[in-house]
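J.: Chains as they are written, first to last, in my numbering: chain A, 66 to 354; chain B, 5 to 317; chain C, 5 to 254.
Fair warning: there could be bad hints in the mix.
Claimed, not checked - Label pairs and their in silico Cβ distance ranges:
1) B:Ile300 / C:Lys145: 53 to 59 Å
2) C:Gln210 / A:Glu229: 54 to 60 Å
3) C:Gln210 / B:Leu199: 38 to 44 Å
4) A:Arg126 / B:Lys125: 49 to 55 Å
5) B:Glu71 / A:Leu94: 44 to 50 Å
6) C:Ser27 / B:Met21: 21 to 27 Å
7) C:Gln210 / A:Asn168: 39 to 45 Å
8) C:Lys145 / A:Lys79: 26 to 32 Å
9) A:Ala341 / B:Ala202: 38 to 44 Å
10) C:Tyr16 / A:Arg173: 34 to 40 Å
11) B:Gly62 / A:Arg173: 32 to 38 Å
12) B:Glu71 / A:Ala341: 51 to 57 Å
13) A:Leu102 / B:Lys131: 15 to 21 Å
14) B:Val126 / A:Lys79: 53 to 59 Å
To be verified - Subject to a maximum C-alpha distance of 25 Å in a straight line, what follows is the list of computed DMTMM-like cross-link-like pairs (lysine to aspartate or glutamate):
15) C:Lys170 / C:Asp182
16) C:Lys102 / A:Glu229
17) C:Lys170 / C:Glu128
18) C:Lys113 / A:Glu229
19) A:Lys79 / B:Glu212
20) C:Lys145 / C:Glu128
21) C:Lys141 / C:Glu125
22) A:Lys232 / B:Glu59
Read the hints as simulated data drawn from the structure, not as lab findings.
Being a predicted model, the structure only gives us computed values, none of them experimental.
Cβ atoms here follow ideal geometry from the backbone N, Cα and C, with glycine treated the same way.
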Amino acid sequence: MMQLDAEKQMRRRKRKNTIFHILFLSSTLFGIVALALLLIQILVDGLGWLNWDFLTNNASRKAEKSGIKAAIFGTLWMMSITAPLSFIIGVSTAIYLEEYAKNNWFNRFIQTNIANLAGVPSIVYGLLGLTIFVRVFGFGKSVLAGSLTMTLLILPIIIVASQEAIKAIPGSQRNASFALGANRWQTILRVVLPSALPGILTGSILSFSRAVGETAPLIVVGAVAYITTLPNSVFDKFTVMPIQIYTWANLPQEEFHNVASAGIIVLLLMLLTMNAVAIFLRNKYQKKN
Amino acid sequence: MARMKQSKNAKELNSFMQKKKGIYSWDRMMPIILATIAGISVLTTIGIVVILITESAGFFQAVSITEFLFGTQWTPLFADPKFGVLPLIMGTFMITLVASIVALPIGFGSAIYLSEYAPRKVRNFIKPILEILAGIPTIVYGFFALTFITPIIKMVIPQTDLFNALSAGIVVGIMIIPMISSLSEDAMNAVPSSLRNAAYAMGSTKLEVALKVVVPASFSGIIASFVLGLSRAIGETMIVTLAAGALPNMDFDFLKSIQTMTAYIVTTSQGDTAYGSVEYRTIYAVGITLFVITLIMNILAGYISRKFREEYE
Amino acid sequence: MSIVQIKDLDLYYGDFHALRNVSMNINEKSITAFIGPSGCGKSTLLRTLNRMNDMIDSVKISGAVSINDTNIYNPTVNVELLRKEIGMVFQQPNPFPKSIFENVAYGPKIHGIRNKKQLDEIVETSLRGAALWDEVKDDLKKSAYGLSGGQQQRLCIARALAINPKILLMDEPTSALDPISTLKIEELIQELKGDYTIIIVTHNMQQAARVSDQTAFFLNGEVIEFSDTSKLFSNPNEKKTEDYITGRFG
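Chain A extracted, bound-state conformation (with noise of 0.2 Å):
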């Protein structure tokens, strides 16, 4: 008899696990699901939209001239700033942290201001942009007021990827360098960038795709959604595509949401390929340890 008690326990024991799997399981496939639906939807609105016309024309109040060109122009201005600014003050804060800064109250101090500042909304460093860079520095509406809003949003992001590339490089490492005479920024230079550029590089990269996708703060700073010429200068205004896309997202006829979604694909394209650069850095980067 107890016996019997006890196989049907764990019969009841080994099916509850059985349902709990499956239920575990279908949160999992949920993101899953809803990417999928979100992406053939997405398809399946914009591809016949997307063609060389829509990527070479500028914005129009007509659904089938509208383009997107000065949008991407827009983004590539804006990244021409954003990129190498934001990763040189990332690198350098990352590598004073790690390798020069004492364990003093000051250094933990930027230590948690960082990790603040990553979870500020971005429509804050909007705000902020609009005060500082739109109207005490004056750059008025422009591909540089954006730029350095960008460049201050996505800072705490490469501060901290860096940081970890850097503190993955084993300190056996620089303790080789040193022994042989090597100063300390000798061996940051020659020992341990190298080895941490892969990671470097993928955090980077990842946190510049953050800044091609972001939208609320550059609204804020006034990036305009309705231009026809491109920037010439960093002083111009300027949009970038996923205010293009807000705006066409925005509009009520329903030829204009097919445009929007030709534009988000474009969009996806891009940061698929900057997260194909980031994920094969990685890789490779990882196999070599």
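Given chain A, put chains B and C in place with the hints provided.
T.: Same frame as chain A, but now just chains B and C:
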């Protein structure tokens, strides 16, 4: 080599008393240069705090803090403007509520699956997909809410508004699933496998190990991931701007148009409110409210997960 | 003739008194072994000789460490040039993730040698000096990580030789190696003795007995006994030394 050594004279022997030369001097300048650059992130924080305080100070000279915090009407652009922020907070709260109903159980369940159940191959397949999901711009999610989720809701409940809190909330939830899942999974992975083995050795099923050993041991990490996810939902802007509408109200009706704090800031800064006017300054007053709420949540999450780290290291 | 003179050396890690009143003279072109149980201070003393302890914030030092009668803790000493005079080999082989050539050329490049021909020469001499040349001469461009553990450790020795030091510090250089690689390194140490002053920390008493001329026995941060190796192992003066070498503790 021996010959080389023997030829060294006494002066050379103490060569380490020489003055530092050019190739060594960068070493003294670099820490100063790098520390200066590191100061930019501190300046950013100071900048955010200072501009939010000074710009909203102008607002609070015109509007009392009591009216702002406790007023139940938000109509800054009307002829008779009302500046009660509660409707915007209500909008943000409704979005966050729907998002957490969607994201917390699903994120939690998928974390358990990935950490405890999934075979290596499946895991290696699913993790990158969740990363892609996390990398999709919010504007795309917003578009998805407006053109896919909303029509479905309207099919089920026809009286739903085109812009509504439910659709935006669901999609905000989908957006934060990868974040909650991956942070919770990290916390679960940090549980030493010796604890799991002890439970398996006593004949526990996977479910029993997951719920009775792993989850309790990583509980604070999981909670921290929830708090961070919600903080992300509160700060989310484009989904709610596109799909939730622009009608601040206190009705608590998920099928109606609402407005969140973030959506208000975006919508207003797009318009042509005069620089320096009270209406213009509302975006800073709302901004500082948003900043304080998310800051408190992030500090809370950091505090919870630090406590958690001490248990294992 | 002594090349290293240590006088009344005390060292603290924060509150921990790691070296107590150490005084000793180390002979030029000889092999000196430091032995003793873990945590006795032998590695710490080794690291004070090239000031690697400077990296640790909480270290406080009093007393004098002199090389050729110049105190290396004198504030005007250029630490980088000091370390150029003193090569170091670590417990775990720690080649850089670079080619074999770049590993050996690293030190000379740091100290300003740019000439390719000169670098080629230094790399060959150093690899020959570390008895590795014949094994790697065709693979100089390949990654150092492809070498076996023993080869990696000899590469690290070659890397240290490349800066043309007078003193070679070895911190348990064979503790991570198999017996055959260990034997090769021990033979190499004997060969290097003609040109370098070698100080080796080891937890392996037989190794100290096999390779060294003089041996210092450490216990709790103190030098208990320092004498010729043959004497220390056959007829120690101190009871504690005898207890340790006969395996009663440690």
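J.: Which numbered conditions among the earlier hints are violated in the structure presented, ordered from lowest to highest?
T.: 2, 8, 10, 14, 15, 18, 22
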